[in-house]
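Trainee: Please work from the sequences and hints to get the whole structure.
The chain contents come next:
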Amino acid sequence: MKKALIISLLFALSFGMKVILPEGKSLDADAALVLGMVLITAYLFALLLKQLKLPRLTGYMLLGLAVGPAGLNFLSYDLLHQLHFLEELALSFIALTAGGEFDYRRIKKFIKSVVSQLLGQITFVFIGLLALLWVFAGYLPFLKDLESDMLFGFSILFAATALSKSPAATIGIITELRARGYVTERVLSITILKSITLVIIFPLIITWAKFYLVPETSINTELLITVATQIFGSIFFGAAIGVIIILYLKYVDMEQGLFLLGTAIVIVEFTTMLNMEVLLTSIVAGIVVENFSKKGQALIENIEKSSLPLYIIFFGFAGAGLHIDAILEAFVLTLVLVVFRMVFLYFGNYVGAVLAGEKKIVKNISWMGYIGQAGIAVGLGTIIEKTFPGPIGSSFKTILIANVVINELIGPIMFKYLLLYAKESTNDD
Amino acid sequence: MTSLLSIVVLVLLAYTGSRFILKWKIQNTFLKSIAFTGIIYITLGYLLSSKALNIVTVEITEQLKIVFALVLGWAGFLIGLQTKFSGLKRFPVKYYRYSALGFLIGFAVTFLLLYGILNKWLLYTIDFHSLLILSLAGAVTSPIMVAVVVRDHRVQARLSHLLQFNAAFDNLLGVLMIGIIVLANAFLVQDSVYLTVLHGIIVLAVSIVAAGIYASLTKEKISAEENFLYVIGLLLFVVGSALYFGMSILLASMIFGIVTANISGDTRRLYQNIQQLEKPMYILLLIFAGLNLHLDVNYTLLFLFFLVHIFAKLIAEYTANYSLGREERHEGWLGFGNIGMGGLSLAIILDFNLIYGGPFPELLLIIITALFFQDGIALQYLEKRLIKEK
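One line per chain: the protein sequences are Y and G, in this order. So for the first sequence, our numbering puts the first residue at 1; every next one is plus one. So for the second sequence, our numbering puts the first residue at 1; every next one is plus one.
By construction, these hints were calculated from the structure, which means they are not laboratory data. You may find that some hints are simply not true.
Lysine-lysine pairs mimicking PhoX-like chemistry, simulated, CA-CA at most 20 Å apart [to be verified]: (1) Y:K359 - Y:K112; (2) Y:K295 - Y:K250; (3) Y:K360 - Y:K112; (4) Y:K50 - G:K221; (5) G:K219 - Y:K3; (6) Y:K416 - Y:K363; (7) Y:K108 - Y:K294; (8) G:K221 - Y:K2; (9) G:K219 - Y:K2; (10) G:K221 - Y:K3; (11) Y:K112 - Y:K363; (12) Y:K359 - Y:K423; (13) Y:K53 - Y:K2; (14) Y:K109 - Y:K359; (15) Y:K360 - Y:K416.
Treat the numbers as computed from the prediction; the structure is a model and nothing was measured.
Mentor: What follows is the structure in structure tokens.
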């Protein structure tokens with residue numbers, strides 16, 4: 001009740017100010033005012049939703065939608081554009097954290113099984129969704145009016161982003177249930193490895209889709225060299241940043257929050273300047289720190305603690321950027337993508353587990369641990385939006401976010417069910 | 001360089017600088033005054049600016065204004081957070097009288113002398129508000145200088161107690177006064193008492209409501225990151241509302257801090273947490289001052305301010321000292337110890353400029369020059385005086 005009152009109060013104050021003085025006296029006034037309001041209200045709204053067992057990220061996104069251009073328009077397109085750099089910064093933090101969860105020592109114990117299931121999921125989900133969208137596009141609103149090249153390009157992007165899975169949400173549920181055991185280890189390892197694989201191959205996928213979506217694009221040696229440079233440049237730069245972080249931890253190790261903020265800004269700016277991938281660079285930096293420094297895990301925990309305002313901004317802005325009309329138009333497509341992603345995940349996981357000689361529980365129901373999507377998926381959507389400016393990018397991102405919201409709602413519930421079924425929860429509550 | 005990278009460079013400089021100064025045990029008084037007046041960062045800011053190396057361009061300086069507004073808000077919030085009414089009772093009334101008289105006389109004498117001399121004899125025109133702001137910036141005292149001397153010489157005498165109180169209290173008065181001057185300027189710009197008062201009341205209400213929200217949210221047990229989120233979110237909201245209606249950021253955020261200190265439960269942990277960022281924030285403020293600095297100033301005005309300000313501070317201290325009564329009165333020209341102005345004088349000028357602009361670079365150079373020389377003199381004098389007292 002108190003939280004709802006505070007949200008209403010801040011809304012009323014912001015609205016009242018706009019009524020009394022429609023244009024602020026300073027250009028920066030709007031940005032500071034709205035940013036402060038969004039930070040507080042989005043967090044409180046997420047806490048309210050948590051009481052209904054809904055994930056926090058959904059709260060941030062829904063509040064973003066409410067204050068964005070499609071809602072009350074406190075967070076206008078101009079402001080979203082002005083504060084865009086904060087989104088990129090948050091993306092770098094999310095990827096650093098995701099990379100920091102990759103502990104090779106843990107995964108190598110059951111690497112064969114992990115690789116087998118991972119390949120099964122990637123193959124089935126990607127090829128399955130690509131074929132499904134290609135064959136049934138004529139019956140799906142939003143896709144049916146597209147030309148064949150355009151349709152294939154969109155299908156590639158939808159199929160590729162469907163592969164993503166949220167490491168943060170997975171870790172969140174494992175922590176909540178204090179889960180330990182056979183299934184928990186495998187789901188966590190595959191989730192992290194899948195995120196890394198996807199981020200590495202994503203520049204290739206984008207280039208492939210560009211070939212169909214942007215008419216003048218042709219695949220030639222020069223383009224392939226550019227993509228290869230982009231991938232290897234990002235990996236190299238990420239590794240260098242990782243080494244710098246390790247040296248800092250070893251020789252300075254003070255004010256980690258401030259240092260990480262600076263590091264994230266350097267990653268964002270240099271990757272933009274040098275045409276590299278911010279996600280890939282950050283994820284590699286996170287992996288290097290986690291695997292080559294004793295203080296890596298503590299650092300990653302520190303990032304998670306200090307980046308709360310950036311997370312809220314990232315997901316809040318993603319919600320604000322949603323186009324309601326595009327969601328409504330593509331509602332059927334969204335449902336098809338959500339349902340068939342699950343179907344293909346089941347088959348991919350089953351085949352991979354059978355080939356690895358896994359236990360029955362892993363073969364039959366561990367697919368439930370791979371539904372949730374969050375930061376990485378939205379991050380990929382942001383990359384696509386940037387690569388294809390205009391209606392293609394923004395429509396795609398809107399549909400993707402609608403998918404993420406649904407998967408993010410049902411994913412944690414299904415994963416929780418899986419861990420309880422496998423009797424790996426040690427939390428008595 | 002982009003605005004984001006500029007922030008990194010500035011934060012990095014601010015951070016390493018603050019670490020360096022904390023570790024560096026400077027013995028020489030002149031070097032100490034260079035280090036603690038922050039002249040190094042101001043010079044650095046100037047070198048990075050479009051007037052010198054053009055690393056931080058004019059456009060980027062504009063884009064960074066929101067960051068600097070937050071820094072000002074932070075400064076105001078910290079001043080407010082130290083103002084707990086229950087704690088104020090432990091100081092004798094005569095301390096308040098001494099401080100208030102010193103501040104008001106210093107402010108009035110500086111203003112009247114500058115106004116009279118400039119208009120009557122030099123025929124140099126400077127607008128009324130700029131003169132008020134300049135006099136106000138001169139009326140506040142530097143708490144850092146007193147703190148440095150007390151720390152280095154472990155002075156615990158009654159006089160050092162009075163000086164520390166004076167520096168803290170006149171900073172509070174300075175922020176109150178800048179709020180009133182900005183309000184008066186808002187009236188001149190809008191030409192409507194009703195609108196000006198309405199806007200002022202809204203910003204005041206937002207500051208109080210923000211503090212109420214913080215107190216309400218922190219009644220439950222919350223984590224350190226939630227605490228930080230609430231402070232930063234509410235401070236942004238308060239700073240944004242002040243900017244939105246053209247009111248003083250320093251005053252709005254100080255009110256937010258005062259109400260928070262007095263209605264929230266235990267604010268000691270909050271103060272300790274946010275104080276960790278005080279030094280880098282202060283250095284950012286100095287760098288911002290350097291970025292906006294212009295060297296083409298009227299040197300007559302600069303020299304005049306230097307003399308008038310010292311004279312006004314001496315008169316103010318003499319009168320304030322007299323008000324303490326025969327038993328409490330101290331001997332000698334302690335006014336020299338009070339001529340240091342500190343970072344708040346810069347913050348006052350930046351606060352006004354962020355909202356209304358004006359002949360800001362000129363005022364800035366005057367204050368920075370006075371800051372450098374007068375803080376040095378104050379430090380030299382205080383060291384001798386406080387050691388003698390000990």
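Trainee: Hint by hint, note whether the structure agrees.
Mentor: Each hint, compared with the structure:
no.: 1; hint: Y:K359 - Y:K112; in the structure: 14 Å, holds
no.: 2; hint: Y:K295 - Y:K250; in the structure: 8 Å, holds
no.: 3; hint: Y:K360 - Y:K112; in the structure: 17 Å, holds
no.: 4; hint: Y:K50 - G:K221; in the structure: 17 Å, holds
no.: 5; hint: G:K219 - Y:K3; in the structure: 12 Å, holds
no.: 6; hint: Y:K416 - Y:K363; in the structure: 17 Å, holds
no.: 7; hint: Y:K108 - Y:K294; in the structure: 18 Å, holds
no.: 8; hint: G:K221 - Y:K2; in the structure: 15 Å, holds
no.: 9; hint: G:K219 - Y:K2; in the structure: 11 Å, holds
no.: 10; hint: G:K221 - Y:K3; in the structure: 15 Å, holds
no.: 11; hint: Y:K112 - Y:K363; in the structure: 15 Å, holds
no.: 12; hint: Y:K359 - Y:K423; in the structure: 15 Å, holds
no.: 13; hint: Y:K53 - Y:K2; in the structure: 18 Å, holds
no.: 14; hint: Y:K109 - Y:K359; in the structure: 16 Å, holds
no.: 15; hint: Y:K360 - Y:K416; in the structure: 18 Å, holds
Going down the numbered hints, you'll see the structure goes against none, and every one checks out.
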